[in-house]
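Colleague: Starting from the structure of chain A, add chains B and C with the ligand where the hints point.
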Amino acid sequence: MYTPHTKADIEAMLEAIGIGSLDELLRVPDELKLRAPLDVVPALPEYQLRRRIEQIAKRDSGVDYVSFLGGGAYRHYAPSAISALAMRGEFLTAYTPYQAEVSQGYLQAIYEWQTYICLLTGMDLADASVYDGATALAESAIMAMNATGRQRFLVSRAVHPNYRAVLKTYCDGLDVAIDEAPLTDDGTTDLRVLAEMLRETQYAGVALQSPNFFGNIDTLDGEALESVHKNGAVPIGVVAEALALAALATPASWGAQIVAGEAQSFGVPIAYGGPYVGFIATTNEHMRRIPGRLVGKTVDSAGRTAYVLTLQAREQHIRRERATSNICTNQAHCALIATIYLALMGKTGLRDVAALNLERSRELATAVANAGVRLRFSAPFFNELVVDVGRPAGEVLAALRERGILGGLDLGRWYPEYSTCILMAATELTTSGEIAKLAAALQEVTRVGAGV
Amino acid sequence: MVQPELLYSKEHEWVRIEGDRATIGVTDYAQEALGDIVYVELPKPGRTVEQFGDIGVVESVKAVSDLFTPISGEVVEVNAALETDPAAVNRDPYGDGWLVKLKLKDSGEAKNLLAPRDYEKLIAE
Amino acid sequence: MSAPASDRTASPLIFELGQEGRATQYVEHGKPLRSFMPEGVLRDDLPLPDNTELDVVRHYTRLSQRTFGIDVGFYPLGSCTMKHNPKVNDALAGVREFAELHPFTPDDLSQGALQVMYELERSFCSLFGMAAFSLNPAAGAQAELAALLIAKKYFRERGETQRDKVIVPDTAHGTNPASAAMCGFKVISLKSDARGRVDPAEIRTVVGPDTAVCMMTNPNTLGLFEERIHEIADAVHEAGGLMYYDGANANALMGNTRPGDMGFDLMHLNTHKTFTIPHGGGGAGHGPLGVAGHLVEYLPTPYVVREGDRFRLDFDRPKSIGPVRSFWSNFAHVVRALAYLYANGAEGLTKVSQYAVLNANYMRVKVAEFLETPYPEICRHEFVASAQQLKKETGVRALDIAKALLDRGYMAPTIYFPLIVPECLMIEPTETESKETLDGFVAALRDIIETAKTNPQELLDAPVTTVVGRVDETRAARQPDLRWRPPR
Ligand SMILES: Cc1ncc(COP(=O)(O)O)c(C=O)c1O
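Respectively, the protein sequence lines represent chains A, B and C.
Per the working numbering, the first sequence starts with residue 1, numbered consecutively.
Per the working numbering, the second sequence starts with residue 1, numbered consecutively.
Per the working numbering, the third sequence starts with residue 1, numbered consecutively.
It is worth saying that the hints were derived from the structure and are not from the lab.
Derived contacts from chain B toward chain C, CB cut-off under 7 angstroms, selection only:
| hint | residue |
| --- | --- |
| 1 | D36 |
| 2 | V38 |
| 3 | V61 |
Think of the CB as a built atom: it goes at the ideal place given N, C-alpha and C, for glycine as much as any other residue.
The shape of chain A in the complex, shown without the other chains (with noise of 0.2 angstroms):
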């Protein structure tokens, strides 16, 4: 417990409010009252609730196979400055900014990662941050459906699927139709029968993502953008793995719109799944339609620099039911964390983790070919890349986790004419060891006539 209370506090307060009893204090009528004991897990003193903790961590843990897991989260390295600045108590228990003149580190910060996401996608503003990537998507599609006015959304099939699937969720509770975009044979968007459906119905947003989830290069091609801009859509460009945006033409030099975007990849710990940072970045034509909260620069009462929540008529407590989204808690402290990585990585750093996570993912498709199992698309990639390996790729994977590897993604879960294809992503902290290894261990497991 961790409340102060002594006996003799307790007594001198109820004497105060002028109550007999904690008991009466909390009085509720008798049908309110609890009719069991309620099973909670037992109260430990700190040292021992520790083990306990620690005891369940260790519970069968995959954490040491060597892993070629990406799909929407990566391993990257982070400087240890970061959760040393990052876990100072006045960033990590400081509310939402409400009060500006006690806030204005953390308000300076948001702002600098208001700056950062802009500089990296090209874009003329972006928010404080919503919950993740694939929330990002729906959000913008929302943002795409007020601009437009319209009801039905078109995005690529190569989008995350699980992105794909939070899209559906939301779209359901605002009756709002979603068609798919579908691929090429080498693993990105058919921008053919894109325009094609373009032609066809009106849709208030497109959405494509690049790197796509099989790792590929896939944007919006000159033909293919006019025909976006003449269907009157908006063009949503959605980044799984942020990384890329180091190394890759931006969002907005393909035309996007809006960016909808996961950073967990700068130093935000993977771990099993969140907390992750989404973002939003868009035009200032749709400044005013975007969700969440932003940071704005102005001038205090003296005329010095001071930054601000701003633009809070757009938000929940002050719109009510017609707010442009229901967002209030956000994922600021990934933020800062993401802007600290930025920062401690610079220009020259995250060129040179990019570039890293090229080389590696090279020499990953290097030696999966040199063991006899094929790439299964041609296109540019960057940091993750499908193999197919002839059989049921759940086979391969369970044979490869037998000799200490998680060998990546089963694309059938997601992709039934892919199913004996596996996605595997190669970042900065992939070694040459662990590639030999894997490539090892593939040429034993689908050698022909091998039993997996």
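Modeller: Same frame as chain A, now just chains B and C with the ligand:
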């Protein structure tokens, strides 16, 4: 401050009727109550609006209020200057701070509006 | 105070610091990007600053010193439950097996993480009287949205698509109506009675065949317990609607009475309020969503199930509304919340809410000596005061009181919420604060009210001890400057 040559609605909008044209804004009383106006959202030209129907919103830092048109018609012009200078509504609600111009549908609707003296009474309450 | 009073020179932006090539090197240098990819897909420049680690450390340390958290001082922010965030929670969230576990790790190799989720879920079910909890939602508002999606689907499957109204009291938090709108529901706002409660008779006049959900919190946002909650729930249920419990105020009843027993069908918790998850300057939060038996099948996917002594993520739930987020939960917070449960146990949690209510009532009677308290009766974990009378007499508003508190080293209470109380100050001390801290705050507030009567200008000018004075919000909104731009 109430202007003698205008008509008013109970929702604190004013209208100036000149032939088949009407100019609409919010009253001095309204701008005072709203506080510093930071943004005005107006209808697109070409839209037809119904008397007392909502045509947009005004935002102050901590509040949002609907705008209602005192009279029906087709929007022919909106005050684009408010986009960069919403403070004009506070500064000069009956002049530079006007909101939209309408082509009137039915000038007979004017009978549903308040004369300056009646509006003065309303805000004195 | 959060920063030395002398530190009032503007802090440059990180973009205004550094020199290209100066960044501390954390990884080996990579080859030029063009050696891996066609030039056409690459970006031209990357206009980010290069700073040494020392410069970055000083920069963000300085920013932290210009930020007020619970670790700095008393934080009586109503509705936000800013209690002490135990440090052991952070230590456990950071253990390698949790912090480095990839969300796509197969269930067989994530048993520890799944067990943590399971233990937390089961404990929540017992504590709040629900059949199941989804730990997926990232915050309270997202749980509200998920709950309303469940309601929508539930009624659709029962052929009751005419149920398109969500009832919320006028004291409700803004997320309640905003979430309803995101599910296409129309919002009916319900007037509170003179005692600040929802009158069951009033509910009966608005419920009907079009009622989908009634969203309430208990105690409500005035800090008052809705004793007649059963009658309200009965009225909504008889009309065929569902009851939703906004658990932002769960710190007032945890371990003492249960929303499930009050007749609620759906509820959320804000573990970043009640269960000591650090709020992190705005998030990340965590909003577990609880449901009664008849709604379990609709919970978002995935849901943790136990089979013998093994656990797995169940994605195959045909009636589910679907997933609401990229991955399974804000897992680091699940670990923290479970650590907090272990630190307290059932008995401890029961005491937590008792002390929270004790602290709030103690402050309420002390504050009532010099400031209007519009609902002068036993409250729960928080209470509201009003500066309306003071404003009439002196021109000093709730906002000015808030700023004056900053000058005296305290975080301000929530102001101007709930909307029905003019010049509202909503004060929530939480159970982790000592009598001495409460007395100190009350004395500061008393001093402010006296100053209002003798020297109001001092309050209108507040704050003066902070790194900046009162911030110009109007300018910020009229001329939005939302980012730094590189000089041309
Ligand atoms: C009463 C009430 N309901 C709902 C919410 C929304 O919760 P969250 O911020 O976790 O989305 C809050 C939090 O501010 C609240 O105080």
